[in-house]
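The primary structure of each chain is shown beneath.
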Amino acid sequence: MEILAVFLPLIGAIVAGFLVFVGTKDDHPPNRIDKAAQWVTSGAMILAAAAAGFVFWDVVPGNNPHTVELFTWIDSGALEVSWAIKLDTLSAVMLFMVTTVSAVIHVYSIGYMHHDHSIPRFMCYLSLFSFFMLMLVSSDNLAQLFFGWEGVGLCSYLLIGFWYDRPAANAAAIKAFLVNRVGDFGFALGIFAVFVLFQSIDYDTIFAAVPGRANVMMTLFGFEFHAITVCAVLLFIGAMGKSAQLGLHTWLPDAMEGPTPVSALIHAATMVTAGVFLVVRMSPLFEYSDTALTLVTVVGASTAIFAATVACVQNDIKRVIAYSTCSQLGYMFFAAGVSAYSAGMFHLITHAFFKALLFLGAGSVIHAMSDEQDMRKMGGIWKKIPVTYALMWIGSLALGGVWPFAGYFSKDSILEAAYAANTLAGGYAFWLGIAAAFLTAFYSWRLLIMTFHGQPRADKKVMAKVHESPKVMILPLMVLAAGAMFMGYVGFNSFVGHGMEAFWGKAILVLPTHPAMEAAHHVPLWVKYLPLGVGIAGITLAYVLYMGLPSVPGMLANRMQGLYRFLLNKWYFDELYDLIFVRPAFYLGRGLWKSGDGALIDGVGPDGIAAAVRYLAKRAAALQSGYLYHYAFAMVGGVVVLVTWYLFGHSG
Amino acid sequence: MTHIPILSLLTFLPLAGALFILSIRGEEGVVARNARHVALWTSMINFALSLYIWINFNPATADYQFVEFAVWMPSLNINYKMGVDGISMLFVMLTTLLTPICVLASWESIQVRVKEFMIAFLVLETFMIGMFCAMDMVVFYIFFEAVLIPMFLIIGVWGGPRRVYASFKFFLYTLLGSVLMLLAIMAMYFDSGSTDILSLTQHRFSVDLQIWLWLAFFASFAVKIPMWPVHTWLPDAHVEAPTAGSVILAAVLLKFGGYGLLRFSLPMFPEASVMFTPLIYTLSVIAVIYTSLVALAQEDMKKLIAYSSVAHMGFVTIGAFTLTVQGIEGSIYQMLAHGVVSAALFLIVGVVYDRIHSRNIADYGGLVHKMPSYALIFMLFMLASVGLPGTAGFVGEFLVLVGVFQVNTWVAALAATGLVLGAAYMLYLYRRVIFGTLTKESLTAIKDMGLREKVVFAPLVILVLWMGIYPAPFLDVMHVSVENMITQIETALQAGQAVSVAGQ
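Protein sequence lines, in the order shown, are assigned to chains A and B. Taking the working numbering, I'd label the letters of the first sequence as residues 1 to 652. Taking the working numbering, I'd label the letters of the second sequence as residues 1 to 504.
Careful, some of the hints might be misleading.
[Said to hold, decoys possible] What the simulated footprint calls covered on chain A by chain B, stretch by stretch (three residues with Cβ under 8 Å from a Cβ of chain B suffice, anywhere in the stretch; the number is not a length): (1) 153-164; (2) 579-590.
[Stated by the list, open to error] Within a straight-line C-alpha distance of at most 30 Å, the following computed DSSO-like cross-link-like pairs (lysine-lysine) qualify: (3) A/Lys377 - A/Lys506; (4) A/Lys35 - A/Lys25; (5) A/Lys506 - A/Lys384; (6) B/Lys115 - B/Lys454; (7) B/Lys447 - A/Lys594; (8) A/Lys461 - A/Lys384; (9) A/Lys383 - A/Lys528; (10) B/Lys440 - B/Lys454; (11) A/Lys465 - A/Lys383; (12) A/Lys35 - B/Lys447; (13) A/Lys35 - B/Lys115; (14) B/Lys370 - A/Lys35; (15) A/Lys461 - A/Lys383; (16) A/Lys465 - A/Lys35; (17) A/Lys465 - A/Lys377; (18) B/Lys440 - B/Lys370; (19) A/Lys506 - A/Lys383; (20) B/Lys447 - B/Lys370; (21) B/Lys115 - B/Lys447; (22) B/Lys370 - A/Lys460; (23) A/Lys471 - A/Lys384; (24) B/Lys115 - A/Lys383; (25) A/Lys35 - B/Lys440; (26) A/Lys25 - B/Lys115.
Just so you know, these hints were derived from the structure itself, not from any lab. C-beta: ideal position from N, C-alpha, C; glycine also.
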């Protein structure tokens, strides 16, 4: 069953991959081949979701965590790694979430991509992505995790650049891959550090050995560091790249160049949460390093507020949601940072549903507006697409953290845990989290109002064509909406409530010295109600500014040009990186090539020697002038030198 | 174990094939056709024969296997001796696999002097296999040097416009190193009285002598690998060589250096090796970063891949000198993987070169519209080159880095930047060639890969995935030999220390 859940998407992807190369005479998509690809991949994915449901049932309520070993992967000296499927609560939850969301998005894509000319390729990538994601969450060692990790990165690259005719899409795809590689650089070093410390990269072996090595030091770059901190921090750098945390976040907004279902699946629900998953998975390691946990908290909280500020001024509907994702991932991280791993996971799951819903809803809007993404050119369409409108409301309510929607439960438990952690970093996270919650509500309703209300700002031709999306797109949205509405209420007790310990079992470790999750149940009342309060305040402000006084936002932007530009240009991260990394790399490359290889090595080396030999040969040839007296003169000169040398040599 | 002189058969069968081609007479077109077929069949049979040694290879022993011995110069104690162990066996396989692929890849692209080309290639195969099987220094040296001749001709006769410059640069660079190695071999002979590799490995050279010998060997191997800063012959040689020449150069000839380090430098001169490890690390790290940056700036596809080879070989030298199991196995694995991947990448360039006759990146763009199969295969090998897990490229780099991290974290971190830079130049190349709109006039009629071309790539595609997903069959044959080698080196080092302590 677990093998089916993981490998069915791969089979779907391979079949669809073959279909890419099957030609038909029918040029109008969706033709027979396209339909076959859609059926196979969606069918495989739905079956995988069903299988994952069974697995979840077996592992969690059935209390049967186990590992299925497939075969050896790398075996060299002490390093032994196998392909395996590890099933405990953590991976079962992820397995269930990934397959469900992926199946929903496969079906949605049938409608969304029906005009496209490369449907089999698209479906192939989606399924391949799902396979890698499942390998990632079900690995029982860091190497297989890395396999899935890089694999999802590859699919993300392929899907962002899916429309390869567009230069912007190609650039965004490369950027996503490279920024992730920077994170992976840290991740890889983290794996090596773990191996040096534990002589193994299997979870079970590592986790068993952690307490015994809690005080071991490790030499890194000539300095002594606390070994577990080194491992944890390096792994976290990888997590930062994948989950678009502050500093390595620049790729995520650009990733919106990909088709919208991709944004929903990869850049909201699954892949970007892999970093959070990694930290939670490695909780037995992180628990033994307060330094690493503090770092996680601070980075998470800073990202939460940074991304929220930027989201408030963006005009591209997908970019707003992308920054929102970035911000919500920050919440998950700081939850993990205060040892409230279960709250982080809870938010991860609820977020997967409501954020996928928002993205697909935005996709439905874009679809209706003839591929327009700029909110300044929307407005006044809510009556024409009421179902999408309602679904976007549900998604926004969940994101804004309004009771009884999913986000309310998960976000509140995170903020309460941060408060209850009673540490400096916890306080930092709590207050920034509250501020970000306010902004979250504000930008969500800004988006709703700008998109759906007010005067229509699109031209007549577009407005005439505005239509509700077909059933094949709306039904999947309903599934996600159900998740966004009920997931919080349903999951609360198991994930973070009193059933927590029975639910998670041994999948998450929290040391008694980090009691934030326990203490979160006993915070003062104002802490419990503050997130909801600021949420409502944010919604109100959005209504006042964008519905009541629509001239004010523009005036504010004009009045505070500096701040507005700063936010609009995303704190100038891209410009900064371009200046210090990208340009110098090309500049150096060209310089080293022309002057290093060309002038210096070849110039002094082979070419230089060749030139010198030629020069000497020419000079030697010039000596042979053919005139007798030249030769005679040289002979006499030689005799003089010899005789002189002889005489001096013997007299001395 | 066996009475069939399988290694000699493998070595000299291509030579026999070459002689046979030499005897073909007749009309030019017919000769060319026959020469192609003879070369293909000879090399295919040779590959089939080589499977015999893989199947019958016993991975449980570190001893040389399939050993052959014939007295050659008894008065000098120099003998013809062949054998393979876990380190060399897979290189033989790599050679026998790639030769038929090269022959097939030259099927249409070589149109002049076909007969001579095929002869040169088969002779080259003889020398390459002989080099990997040799168990005597003199036999080794002869094959090692002889390889230069057919390669020199392949570049110089069938190469591009600057072929003469490139072939001379190649020849002089490599010869310069080799001369020093010859002197070192003589010195070793006078010191130990033998040229037998096994007994030389047992022989203990004094530390002073080791230093000189190590440097002499290093001069030769560093050029072959090639290490920074003696790498500049490689881009020129690759650019000018015909496709098959580039393939065999990158896939097999570059491995001579790494193989030499593992076979001679490390086990025979352990003290000197340890002493020079910082030098190796420094040069390798420079190679990884420097050549990756240079690759980023290239405008010529072949040059770009040539520079990427230098960067990848940097991992090989780092791994070898870590003296850890992971490092050395990773180093060997990286060489094998690079053999497959770089071969494929040069073939990939060859495919479009045959059509457009340009290697200039700017002349391409948007090929995916006309050549989807090509785009797919290019993508696969680009990812392998980048070291994506699940492809051959990952296992080697990963093991090397695991190895070196245990020894020196600085080197590990600096070498690991290659992960980022490697991705940068390969993705950038791929984007410029494959993606975008197809606007260039010259590309509008370009055809996707034909059946012959797909057949050429098929074994490489299978291999690159196999080596990435289930590397055990390749790693298993190395384990015992590598562990044995490390033990030997460590014993020698300890013995050396004991001697010096006793001396004090």
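How the hints compare with the structure:
A stretch counts as covered by a chain when three or more of its residues have a beta carbon under 8 Å from one of that chain; for the stretch 153-164 of chain A and chain B the count is 4, and the coverage holds. Coverage of the stretch 579-590 of chain A by chain B holds in this model, with 5 residues showing a Cβ closer than 8 Å to a Cβ of that chain against a need of three. Pair hint lysine 377 of chain A plus lysine 506 of chain A does not hold up; C-alpha atoms about 51 Å apart against a cutoff of 30 Å. The hinted pair formed by lysine 35 of chain A and lysine 25 of chain A meets the criterion: a straight-line CA distance of about 14 Å does not exceed 30 Å.
A distance of roughly 50 Å separates the Cα atoms of lysine 506 of chain A and lysine 384 of chain A; the hinted pair therefore is violated under the 30 Å criterion. Our distance criterion of 30 Å between C-alpha atoms is met by lysine 115 of chain B and lysine 454 of chain B, whose separation comes to about 24 Å. Straight-line distance between C-alpha atoms of lysine 447 of chain B and lysine 594 of chain A comes to about 35 Å, which puts the hinted pair past the 30 Å bound. The straight-line distance between the Cα atoms of lysine 461 of chain A and lysine 384 of chain A is roughly 14 Å, inside the 30 Å bound, and the hint therefore holds.
With a C-alpha separation of about 36 Å, the suggested pairing of lysine 383 of chain A with lysine 528 of chain A is violated against the 30 Å cut-off. Proximity of lysine 440 of chain B to lysine 454 of chain B is assessed by CA-CA distance (about 25 Å); at most 30 Å being required, the pair is judged to hold. For the suggested pair lysine 465 of chain A and lysine 383 of chain A, the alpha carbons sit about 13 Å apart, so the restraint of at most 30 Å is met. With a C-alpha separation of about 27 Å, the suggested pairing of lysine 35 of chain A with lysine 447 of chain B holds against the 30 Å cut-off.
The hinted pair formed by lysine 35 of chain A and lysine 115 of chain B fails the criterion: a straight-line CA distance of about 52 Å is larger than 30 Å. Between lysine 370 of chain B and lysine 35 of chain A the alpha-carbon distance is near 23 Å, which keeps this suggested pair within the 30 Å criterion. Restraint check for lysine 461 of chain A and lysine 383 of chain A: the C-alpha separation of about 17 Å stays at or below 30 Å, so the hint holds. As the CA atoms of lysine 465 of chain A and lysine 35 of chain A are separated by approximately 26 Å, the hinted pair is consistent with the 30 Å bound.
Of the supplied pair hints, the one linking lysine 465 of chain A and lysine 377 of chain A holds, its CA atoms being roughly 14 Å apart against a limit of 30 Å. For the proposed pair lysine 440 of chain B and lysine 370 of chain B, the alpha carbon gap of about 12 Å is at most 30 Å, so the pair holds. A distance of roughly 50 Å separates the Cα atoms of lysine 506 of chain A and lysine 383 of chain A; the hinted pair therefore is violated under the 30 Å criterion. A hinted pair counts as satisfied when its Cα atoms are at most 30 Å apart, and lysine 447 of chain B with lysine 370 of chain B qualifies at roughly 7 Å.
A threshold of 30 Å between alpha carbons decides the hint, and for lysine 115 of chain B with lysine 447 of chain B the separation of about 28 Å falls inside it, so the pair holds. Of the pairs offered as hints, the one joining lysine 370 of chain B and lysine 460 of chain A is violated, with about 38 Å between alpha carbons and a cut-off of 30 Å exceeded. Taken as a hint, the lysine 471 of chain A and lysine 384 of chain A pair is honoured in the structure, with Cα atoms around 16 Å apart against an allowance of 30 Å. Simply put, lysine 115 of chain B and lysine 383 of chain A have alpha-carbon atoms about 78 Å apart, too far for the 30 Å limit, and the pair is violated.
For the given pair, lysine 35 of chain A sits about 33 Å from lysine 440 of chain B by alpha-carbon distance, which is inconsistent with the 30 Å threshold. As the CA atoms of lysine 25 of chain A and lysine 115 of chain B are separated by approximately 44 Å, the hinted pair breaks the 30 Å bound.
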